[in-house]
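Chains as they are written, first to last, in my numbering: chain Y, 1 to 257; chain Z, 1 to 257; chain U, 1 to 257; chain L, 1 to 257; chain W, 1 to 257; chain F, 1 to 257.
Be aware that one or more of the hints could be misleading.
Since the list gives no way to pick one copy over another, a pair counts as held whenever it fits inside one copy or between any two copies.
[Unchecked claim] Straight-line Cα separation of at most 25 Å, SDA-like style, residue types lysine to any residue; simulated pairs:
id : residue 1 : residue 2
1  : 26        : 5
2  : 26        : 120
3  : 21        : 157
4  : 21        : 243
5  : 21        : 242
6  : 21        : 132
7  : 21        : 245
8  : 21        : 225
9  : 26        : 147
Calculated directly from the structure, the hints in this document are not laboratory data.
Protein chains: 6
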Amino acid sequence: MQDSTVHVRVVSPIVTRGFRKLADLKALEYPGVTLSHAEIGTGPGSIESEFEAAVSVPGTLAEVLRAEREGVDAVVIDCMGDPGLRPAREIAGIAVLGPCQTGMHVAAMLGHKFSIITVMRRLKPSFENTAALCGLSTKLASVRSVDIPVLELEEDLSVTTRRLVEEGRRAVEEDGAEALVFGCTGLMGCAGALREGLLAEGIDVPVIDPIPTAVSIAAALVRVGLSQSRTTFPAPPQKQLVGYDELRAAALPAAAE
Amino acid sequence: MQDSTVHVRVVSPIVTRGFRKLADLKALEYPGVTLSHAEIGTGPGSIESEFEAAVSVPGTLAEVLRAEREGVDAVVIDCMGDPGLRPAREIAGIAVLGPCQTGMHVAAMLGHKFSIITVMRRLKPSFENTAALCGLSTKLASVRSVDIPVLELEEDLSVTTRRLVEEGRRAVEEDGAEALVFGCTGLMGCAGALREGLLAEGIDVPVIDPIPTAVSIAAALVRVGLSQSRTTFPAPPQKQLVGYDELRAAALPAAAE
Amino acid sequence: MQDSTVHVRVVSPIVTRGFRKLADLKALEYPGVTLSHAEIGTGPGSIESEFEAAVSVPGTLAEVLRAEREGVDAVVIDCMGDPGLRPAREIAGIAVLGPCQTGMHVAAMLGHKFSIITVMRRLKPSFENTAALCGLSTKLASVRSVDIPVLELEEDLSVTTRRLVEEGRRAVEEDGAEALVFGCTGLMGCAGALREGLLAEGIDVPVIDPIPTAVSIAAALVRVGLSQSRTTFPAPPQKQLVGYDELRAAALPAAAE
Amino acid sequence: MQDSTVHVRVVSPIVTRGFRKLADLKALEYPGVTLSHAEIGTGPGSIESEFEAAVSVPGTLAEVLRAEREGVDAVVIDCMGDPGLRPAREIAGIAVLGPCQTGMHVAAMLGHKFSIITVMRRLKPSFENTAALCGLSTKLASVRSVDIPVLELEEDLSVTTRRLVEEGRRAVEEDGAEALVFGCTGLMGCAGALREGLLAEGIDVPVIDPIPTAVSIAAALVRVGLSQSRTTFPAPPQKQLVGYDELRAAALPAAAE
Amino acid sequence: MQDSTVHVRVVSPIVTRGFRKLADLKALEYPGVTLSHAEIGTGPGSIESEFEAAVSVPGTLAEVLRAEREGVDAVVIDCMGDPGLRPAREIAGIAVLGPCQTGMHVAAMLGHKFSIITVMRRLKPSFENTAALCGLSTKLASVRSVDIPVLELEEDLSVTTRRLVEEGRRAVEEDGAEALVFGCTGLMGCAGALREGLLAEGIDVPVIDPIPTAVSIAAALVRVGLSQSRTTFPAPPQKQLVGYDELRAAALPAAAE
Amino acid sequence: MQDSTVHVRVVSPIVTRGFRKLADLKALEYPGVTLSHAEIGTGPGSIESEFEAAVSVPGTLAEVLRAEREGVDAVVIDCMGDPGLRPAREIAGIAVLGPCQTGMHVAAMLGHKFSIITVMRRLKPSFENTAALCGLSTKLASVRSVDIPVLELEEDLSVTTRRLVEEGRRAVEEDGAEALVFGCTGLMGCAGALREGLLAEGIDVPVIDPIPTAVSIAAALVRVGLSQSRTTFPAPPQKQLVGYDELRAAALPAAAE
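All chains should be modelled from the sequences, with the hints used to inform the complete structure.
Written out as structure tokens, the structure is:
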């Protein structure tokens with residue numbers, strides 16, 4: 001039997017301090033798993049567009065490199081756009097997971113089809129693209145949104161919950177969803193309320209809260225010695241890099257080994 | 001932080017005693033996870049055909065019911081045909097996982113495409129069908145076989161390993177696989193040898209050993225309160241059942257709650 | 001010109017006697033085709049779940065073996081879940097057809113897209129899975145249900161017909177279906193009423209009654225010497241089988257030749 | 001029990017007389033099914049290109065209209081390009097079948113995947129397109145060709161057979177085919193020789209001879225009252241038509257009813 | 001820098017004179033691109049069925065041959081059924097484009113998913129088939145129709161525009177379209193009105209007018225020396241052709257070089 | 001007739017000066033189209049990994065904003081990874097095209113299937129992902145590589161050409177490609193040599209040189225008033241951005257209008 005504790009770090013790819021509370025992450029720990037948290041230094045206040053996702057990547061990659069240096073076992077990127085997941089997997093020697101990719105696969109394991117309940121309608125193409133890249137297009141029943149911006153989700157939780165239940169019910173009844181995945185990590189902690197609200201309407205489907213799920217799956221993969229494929233994600237070639245001093249190490253393959 | 005230990009039971013859907021050794025399963029335990037094992041009373045000696053899979057199902061369902069009665073948290077079916085997975089999920093109140101479905105999703109999380117390395121060529125359609133049902137057809141690079149029957153895999157481990165490396169290398173180089181999944185749970189424990197053999201040829205891909213992986217993922221799902229969708233797998237309606245006395249409870253929905 | 005008569009047997013995979021009337025099957029005969037009927041000895045009263053489908057398989061396989069011994073030319077399994085189709089094809093030397101697979105392919109031959117009209121909503125994933133395995137996912141417009149249990153379909157035929165027309169109309173107008181397939185063999189004989197009801201609303205689509213269709217297609221295949229592929233469905237390997245005495249022959253490949 | 005005989009006409013969409021022998025078609029008759037034959041008056045000598053297929057269509061449509069006037073029950077178009085199938089289905093009140101579409105669906109019913117063995121490599125895109133339109137792309141393992149033009153197939157049957165066996169074997173062993181379909185109706189009658197040749201090499205797969213198969217399936221559909229969907233193939237609107245006097249009736253919906 | 005002017009001819013595959021006005025095409029010219037126009041001599045008055053499309057093909061092929069003889073650089077077929085596109089590409093040494101195939105690819109370049117807004121509901125299968133052949137099924141959000149026959153589109157342009165805006169809005173809001181393509185070349189010139197009407201409702205999506213778009217793309221391809229693949233569209237083999245005197249040259253490969 | 005000249009700018013997302021020569025771009029101009037060029041200030045020396053693509057994006061976005069300020073009509077990103085295409089389309093009011101997406105759609109317009117011939121094997125998943133996002137997975141025959149790094153392509157052009165012909169031939173003969181697309185914009189200008197080399201081996205397929213093609217298509221789209229969908233690519237919400245001063249305007253929607 002293995003003795004060691006698995007250390008998973010959640011990296012929030014935004015510059016807004018306090019949006020993700022360490023206490024909320026600590027509450028997710030269980031025997032054999034410990035969590036830590038980091039935010040990025042340069043980048044957007046929140047992520048609701050491809051532009052914001054793009055400018056969150058360099059800062060995120062720097063945090064992934066730092067996590068590996070500090071002996072962390074696995075990193076979970078704290079955004080449903082999985083920003084930087086692919087480059088991070090190239091430059092890191094430890095496992096890096098995205099909550100969207102992970103949540104979609106878990107949903108497909110548990111139910112016949114799943115829907116994403118996200119914050120803004122404009123994110124729909126992005127989720128359909130991620131499903132396509134995961135090979136899961138046929139499992140994605142729909143993408144629905146509550147039309148509340150990320151940074152306003154906690155302003156009135158009763159409104160957020162009511163909208164989640166409403167769209168969740170329509171996903172099941174109109175779109176054929178048999179499992180639900182939150183389409184924004186800002187909704188972390190709302191899964192219980194959504195599930196209760198749906199049960200009250202006679203709807204019994206799993207609600208996947210992507211950050212707790214990705215953390216738990218990351219730890220499970222570490223336990224069986226699995227990480228991203230080095231053939232899919234080989235270290236980048238050694239090469240000139242102008243700017244991005246904190247990523248210099250990634251451009252030198254020796255450092256990434 | 002949660003304190004409880006998660007109890008996962010591996011159910012081998014065959015009547016051959018000693019094929020799966022409890023000690024090998026106990027070696028998979030880690031902090032917070034405990035394993036147990038069961039075999040079935042009626043059914044085939046091993047599973048290499050749709051016929052054998054079919055006649056393993058009633059016995060497997062009986063063991064799933066028993067596991068739930070005994071307080072087990074999750075069941076993993078010990079065969080890459082995932083025999084009985086769907087009916088078991090209907091009659092059980094606990095999580096039931098199949099190693100094939102789980103292994104395929106994990107492979108798709110880790111690499112761009114994956115191949116199955118199984119025992120006999122005749123199982124190829126079955127794996128392609130499972131991939132289709134998982135929505136993962138586009139991620140399945142190929143199904144390759146070592147052409148050694150299940151019950152002869154351990155006769156000469158050096159031959160088995162050599163054949164695994166040979167087919168694994170061809171899966172990567174000829175078929176485009178970037179991760180490998182064993183296509184028979186009888187290969188449990190060979191992942192390390194296959195991975196080393198491939199590394200010796202300059203090939204660096206994850207090798208997914210389905211039983212350890214499915215056990216670890218099952219425990220991870222239990223930790224975050226997830227199980228199969230009740231909308232996809234509702235309890236069967238109450239109804240006449242002739243024969244199958246040990247499954248009578250499953251035909252009575254009250255018992256299945 | 002061939003002289004012989006083709007003998008097709010319909011095997012109802014349920015223990016409820018009298019549900020399928022021989023006279024109704026005899027009415028399907030035409031020059032050169034004769035029909036017979038069998039039910040199973042152990043199994044469920046009707047099939048509305050994966051569990052019931054699973055426990056209908058061993059009894060169905062026994063009837064398929066018996067049909068072959070009695071000189072029948074082809075067997076049609078009398079349930080839209082096609083329970084036991086794949087193992088039956090392995091153990092039988094004669095053609096075995098499932099009405100769901102057959103009905104879906106016929107529908108795809110006749111119209112651009114088709115819908116399934118079945119009894120209960122819970123069967124939807126099962127039909128979508130069969131379509132995926134047939135390679136026909138893009139041809140399946142929708143699965144709709146009349147929400148009447150199998151054994152109550154004949155209680156009030158006017159209600160059943162009204163509900164069929166209602167869901168058939170919505171399948172065409174809302175889902176884009178251009179052909180319809182009954183999703184329960186318990187609806188056998190209702191195709192005329194559904195087609196008339198739809199014509200009265202100006203909708204002209206083929207209505208595929210799966211049992212008559214599968215019987216007719218089975219006879220057609222026998223006429224041109226075709227049966228299931230022995231490469232897809234090879235005889236099972238000779239092996240130990242505990243229980244299932246009536247299936248012992250199937251475990252001995254000599255018997256299955 | 002139905003008494004009538006079903007009359008199926010095979011329409012060869014070429015101007016080469018004697019290519020299709022009536023005696024060969026008469027040999028396909030069985031109790032309850034009678035066959036007749038027609039060729040077209042204007043069009044190509046044989047069909048090996050999209051151009052030749054296109055100029056075979058008006059003549060084929062004229063023959064379909066004539067068959068219906070003469071009381072034929074169903075028409076089978078005698079070319080694996082299924083030329084004119086869709087317009088013929090619009091203008092005819094009787095069932096019209098294409099051997100390619102029909103053969104592909106039958107192959108998919110019988111085996112996991114199928115390959116087409118055709119005459120010339122240049123036809124490959126056409127078969128892949130037909131598979132896509134049938135929704136069967138995932139079932140098409142490959143398209144292989146013997147590289148013998150249609151009108152030379154019978155010059156040396158031993159060469160043709162040897163090439164068929166060679167490509168058939170490669171389709172099974174290299175491409176994963178588990179059933180084979182002739183990709184040219186000029187190969188009618190060669191299925192037995194191909195099947196024997198493959199069995200001699202230990203390969204046991206169904207060989208679908210498209211014309212006998214489509215005739216038999218056409219008769220089976222007539223027996224159960226099925227024909228193409230009027231929603232997919234509605235009669236053309238009444239409208240001006242310059243030229244094509246023999247098709248004038250088709251431009252007048254009254255005639256097509 | 002290239003100096004020559006690119007000459008694109010629009011071939012309307014109908015016999016109705018004056019339906020396409022040369023002045024409307026001349027208005028599409030821009031520096032370096034000149035347009036001309038032709039109609040066919042035998043064929044239908046307009047195209048709203050597979051039958052009409054089929055009988056438009058021989059006349060269209062004759063015009064394609066004539067365009068090449070006259071030194072035209074590229075031909076655009078003026079019908080969203082792309083009638084004769086494939087045979088024309090075989091017999092022509094110049095580029096031939098279909099507005100449907102081209103419009104769909106352009107729509108997929110510009111937005112996540114697109115819808116077709118066409119004239120009659122009955123054309124829906126045809127558009128879904130074209131999308132499948134283009135490999136773009138997953139990009140086609142829906143096919144909607146204004147239910148106005150081709151030759152009546154200009155009778156009351158305010159009605160046509162109102163219906164276009166109505167169906168365009170529903171395509172975006174209900175079906176998830178993010179770009180629109182006219183499904184009838186008879187709608188040429190209406191794109192501005194549709195786009196303005198949608199903007200007035202707060203909907204901002206590209207509206208692709210297929211003839212101007214295909215003309216512009218055709219000229220762009222000529223500029224970079226690209227044309228259809230000779231491997232996909234090889235010249236037809238030399239062979240007997242009865243009738244179709246104006247196409248005799250196409251049956252002689254020398255002429256098609 | 002339109003009079004204005006269309007101005008297309010090619011933005012090379014690398015810091016290596018002189019890799020792309022303005023003279024080579026000027027040679028692509030034709031009547032009505034003018035070209036200009038820009039490189040980025042911070043980022044990688046060349047792009048052969050997801051990491052390098054990621055760190056090229058902020059610099060690329062800055063150049064897209066500058067191009068729009070300078071009155072350019074359309075931007076083509078000079079890398080087959082299409083880095084920054086999606087965020088650039090959000091922040092720009094002018095058309096932005098990626099050569100990979102554009103080249104794939106053009107290839108699918110011209111031939112039945114196409115292959116990518118790229119520099120390094122490791123880029124294969126990236127091209128398969130782009131094809132999936134374009135909806136063109138079924139059109140992608142294969143991805144082949146010459147195994148020469150980007151910055152060494154011009155070291156010995158005869159070696160590069162020989163390798164291109166070799167892999168191009170295998171793509172056609174072994175993988176079924178009927179058109180070819182260069183998988184690295186560093187190969188610009190080699191299309192003629194590849195096409196000649198293949199013709200010398202009897203292979204006649206279009207070779208798509210992505211930068212000239214994307215430039216020409218971009219100009220064609222500008223001519224018909226088309227640009228990316230504002231529904232797929234809406235301007236980013238106004239929000240805090242730490243760092244990336246040159247992108248501040250993009251975070252303010254007013255600036256992006």
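**OP:** Measure nothing new, just compare the shortest in-copy and cross-copy C-alpha distances for residue 26 and residue 5 to 25 Å and report within, between, both or neither.
**Re:** both (14 Å within a copy, 18 Å between copies)
**OP:** If the cutoff is 25 Å on CA atoms, where do residue 21 and residue 132 land: within, between, both or neither? Let me know, please.
**Re:** neither (32 Å within a copy, 37 Å between copies)
**OP:** Since the copies are identical, ignore which copy is meant and state whether residue 21 and residue 243 lie within 25 Å (CA to CA) inside a copy, between copies, both or neither.
**Re:** Answer is between: at 24 Å across copies they meet the 25 Å cutoff, but 31 Å inside does not.
Original post:
25 Å Cα cut-off: does residue 21 pair with residue 242 within a copy, between copies, both or neither?
Top reply: For residue 21 and residue 242, only the inter-copy Cα distance (21 Å) is at most 25 Å; the intra-copy one is 35 Å.
Original post:
Between copies, within a copy, both or neither: which fits residue 26 and residue 120 at Cα up to 25 Å?
Top reply: Neither, since 28 Å and 43 Å both go past 25 Å.
Subject >> Up to 25 Å CA-CA - residue 225 versus residue 21, copy category >> reply: Cα proximity of residue 21 and residue 225: across copies only (21 Å, versus 29 Å in one copy).
Original post:
Quick one: residue 21 to residue 245, C-alpha cut-off 25 Å, is that within a copy, between copies, both, or neither?
Top reply: neither (29 Å within a copy, 28 Å between copies)
**OP:** If the cutoff is 25 Å on CA atoms, where do residue 26 and residue 147 land: within, between, both or neither? Let me know, please.
**Re:** neither (29 Å within a copy, 47 Å between copies)
Subject >> Within, between, both or neither: residue 21, residue 157 at alpha-carbon 25 Å >> reply: Cα proximity of residue 21 and residue 157: one copy only (17 Å, versus 51 Å across).
Hint check: violations occur at hints 2, 6, 7, 9; the rest are consistent with the structure.
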